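Q: These protein sequence lines map, in sequence, to chains A and B.
Residue 525 in my numbering sits at position 174 of the first sequence, with consecutive numbering throughout.
Residue 587 in my numbering sits at position 236 of the second sequence, with consecutive numbering throughout.
By construction, these hints were calculated from the structure, which means they are not laboratory data.
Remember, it's a predicted structure, so these values are computed and weren't measured experimentally.
You may find that some hints are simply not true.
Copies of one chain are not kept apart here, so a pair can be met inside one copy or by any two copies together.
Simulated crosslink set (PhoX-like; lysine-lysine; CA at most 20 Å straight-line) [what the hints assert, rightly or not]:
1. K636 - K652
2. K440 - K480
3. K610 - K453
4. K453 - K366
5. K618 - K652
6. K511 - K453
7. K585 - K500
8. K618 - K604
9. K505 - K610
10. K366 - K480
11. K636 - K448
12. K448 - K366
13. K448 - K608
14. K380 - K453
15. K366 - K395
16. K618 - K636
17. K511 - K380
18. K440 - K636
19. K610 - K395
20. K511 - K500
21. K604 - K480
22. K453 - K608
23. K505 - K395
24. K372 - K511
25. K395 - K480
2 protein chains.
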Amino acid sequence: MGHQWHLSISDDLVKVDAIIKDALRSDRKELQEIYDYVTSSGGKRIRPAMCILAHRACGGSCGDDVLHTAAAFEIIHDATLIHDDINDKSEIRRGRKTIHEKYTVTKAVIMGDLMFAIGFKLMGPADRKIIDMVASTSTTMAESEFIQKEFEHKPIVTEKDYMSIIRGKTAMPILACARTGAFMAGADDDVINEISGFALDVGLAFQIVDDILDITGDRLSMGKTAGMDIAEGKPTLPVIYAISDTVLGPRIKEIFKEKEPSHEHLKEALELIRRTDAVERCRSKANDIVENAIPHLSFLKDSEYKDSLISLARYIVNRDR
Amino acid sequence: MGHQWHLSISDDLVKVDAIIKDALRSDRKELQEIYDYVTSSGGKRIRPAMCILAHRACGGSCGDDVLHTAAAFEIIHDATLIHDDINDKSEIRRGRKTIHEKYTVTKAVIMGDLMFAIGFKLMGPADRKIIDMVASTSTTMAESEFIQKEFEHKPIVTEKDYMSIIRGKTAMPILACARTGAFMAGADDDVINEISGFALDVGLAFQIVDDILDITGDRLSMGKTAGMDIAEGKPTLPVIYAISDTVLGPRIKEIFKEKEPSHEHLKEALELIRRTDAVERCRSKANDIVENAIPHLSFLKDSEYKDSLISLARYIVNRDR
Numbered sequence: 352m353g354h355q356w357h358l359s360i361s362d363d364l365v366k367v368d369a370i371i372k373d374a375l376r377s378d379r380k381e382l383q384e385i386y387d388y389v390t391s392s393g394g395k396r397i398r399p400a401m402c403i404l405a406h407r408a409c410g411g412s413c414g415d416d417v418l419h420t421a422a423a424f425e426i427i428h429d430a431t432l433i434h435d436d437i438n439d440k441s442e443i444r445r446g447r448k449t450i451h452e453k454y455t456v457t458k459a460v461i462m463g464d465l466m467f468a469i470g471f472k473l474m475g476p477a478d479r480k481i482i483d484m485v486a487s488t489s490t491t492m493a494e495s496e497f498i499q500k501e502f503e504h505k506p507i508v509t510e511k512d513y514m515s516i517i518r519g520k521t522a523m524p525i526l527a528c529a530r531t532g533a534f535m536a537g538a539d540d541d542v543i544n545e546i547s548g549f550a551l552d553v554g555l556a557f558q559i560v561d562d563i564l565d566i567t568g569d570r571l572s573m574g575k576t577a578g579m580d581i582a583e584g585k586p587t588l589p590v591i592y593a594i595s596d597t598v599l600g601p602r603i604k605e606i607f608k609e610k611e612p613s614h615e616h617l618k619e620a621l622e623l624i625r626r627t628d629a630v631e632r633c634r635s636k637a638n639d640i641v642e643n644a645i646p647h648l649s650f651l652k653d654s655e656y657k658d659s660l661i662s663l664a665r666y667i668v669n670r671d672r
Numbered sequence: 352m353g354h355q356w357h358l359s360i361s362d363d364l365v366k367v368d369a370i371i372k373d374a375l376r377s378d379r380k381e382l383q384e385i386y387d388y389v390t391s392s393g394g395k396r397i398r399p400a401m402c403i404l405a406h407r408a409c410g411g412s413c414g415d416d417v418l419h420t421a422a423a424f425e426i427i428h429d430a431t432l433i434h435d436d437i438n439d440k441s442e443i444r445r446g447r448k449t450i451h452e453k454y455t456v457t458k459a460v461i462m463g464d465l466m467f468a469i470g471f472k473l474m475g476p477a478d479r480k481i482i483d484m485v486a487s488t489s490t491t492m493a494e495s496e497f498i499q500k501e502f503e504h505k506p507i508v509t510e511k512d513y514m515s516i517i518r519g520k521t522a523m524p525i526l527a528c529a530r531t532g533a534f535m536a537g538a539d540d541d542v543i544n545e546i547s548g549f550a551l552d553v554g555l556a557f558q559i560v561d562d563i564l565d566i567t568g569d570r571l572s573m574g575k576t577a578g579m580d581i582a583e584g585k586p587t588l589p590v591i592y593a594i595s596d597t598v599l600g601p602r603i604k605e606i607f608k609e610k611e612p613s614h615e616h617l618k619e620a621l622e623l624i625r626r627t628d629a630v631e632r633c634r635s636k637a638n639d640i641v642e643n644a645i646p647h648l649s650f651l652k653d654s655e656y657k658d659s660l661i662s663l664a665r666y667i668v669n670r671d672r
């Protein structure tokens, strides 16, 4: 793809992986099995990368404290995915059974709590400001998940509602990673704020693309089922745009309102959405957001890390999984 | 009951309640409704009390930071109860529907995460040592819950296994409250360790009594269903003792192994357990633990707070709800 955003920090990311593996250890056989299952899932490591790249782009030398914090972000992210999958009734993630499918809902609830606590523990020695920010971000994230649930199967969500939900759910956590990295490099407030603005936009674009992939079915390449968001009545941007289509919209809206749509209806809705310009509009929006975000980085001196931040942003828009 | 342990700190506890109410606020109608539901449930506030009493008994003057930390302990505790109730399939708590029964499992998962994060946020300005300890305690707690799940319906659990599970699940979190309170009063390490030892034992006794109440049905007075632990196959101390009864044990063991025991079998098991000396042995054990814990407090100068700590410990053994 040409987006080699991780090359400049590949040593750091290897260390982060080792820290994660080390933090997720247990003498209990089944617990260790689940930890291994989680760590071997091949996540994209976008959050630690955002933290480390922001840090290095601000001149930081990425000491142990930064690596531990970056690892903590990934573990907390994994924890939220485990709970999200329960809540979205997702059976497959990254081509494999989700934790609750493989090990029961109960164990998945506990695993999420456990990994959330491990993440905070790993972050323990960090500055109070960081812990406070991460806790606030976690609060906002959970609130946004809650609000999203309230909107399920209700085709009344506006683009503004959607943007506000994904801001809290996805963009703020990614912002927190970048902000922390820059803060730990001792960057000035101005620089920290610009990098935060960049990361927030990248986070917004990331979620829009995620929601596109649910429609285009490209996700199948990574083993997810297409159309899950429609099945769950999750009001994503492609769905919002598609429902506004004067010709095809009404039927899409009808299916979206169904609490448990049949496989046929789901297929029909996906097909109809793909025939509107919804996906194209979303792609274009995500692209605009990212391109408009890049100037935020003009505060930074040129470096391979700055280049990587830009590549990472563009990779996020162009990815197909 | 004569156990007026809360009188010496009733002003502090009123302030803690106000902090909790203030931390659990939202513009979203349903979110606020759930917060109100949680805060009006009439919890016993044992964790904040333990924190404040330990603090004041060590000569602390209970400033805002201590009150906020005490409130954080209660919120984190409430968060774990919400998730525990999902995992134990409990329908009733404190005489009312549990969160997942009233608002769906999904919302209960999110609410637990949200309140956990709010607790950590409230603790944000605290010393790193405290945050680290609370995070470690949360880890241990979740691990213990996990181990307990592995033992479900398996009548092979020993008293030692049980004590190790409740140590992580209940006693360590109560220890963390006391330790934090003493630490924030600037107490010497020796004193902090003695108070921690006391609180750990009180926590162990607390859980043993909780498990007795599930058998004796006294819990009905607070609206819980008796026998839930047997239904869930949770290996509690009264069950372990009862199964070891040479005459009645084998039948109790049989029912305990059933994945979904009928109402009749449940009633039969409860009746049989009550006819063994299991409850009496547990009561006596809890009592011994608490009485042996009290000498830990001899390090402390006499004060009404020290007296309250002792009353709190004895209240915990003698409570019927």
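Q: Against the structure, test the hints numbered earlier, and report the numbers of the ones violated in rising order.
A: The structure breaks hints 1, 2, 4, 5, 6, 10, 11, 12, 13, 16, 18, 19, 21, 22, 23, 24, 25; every other hint is satisfied.
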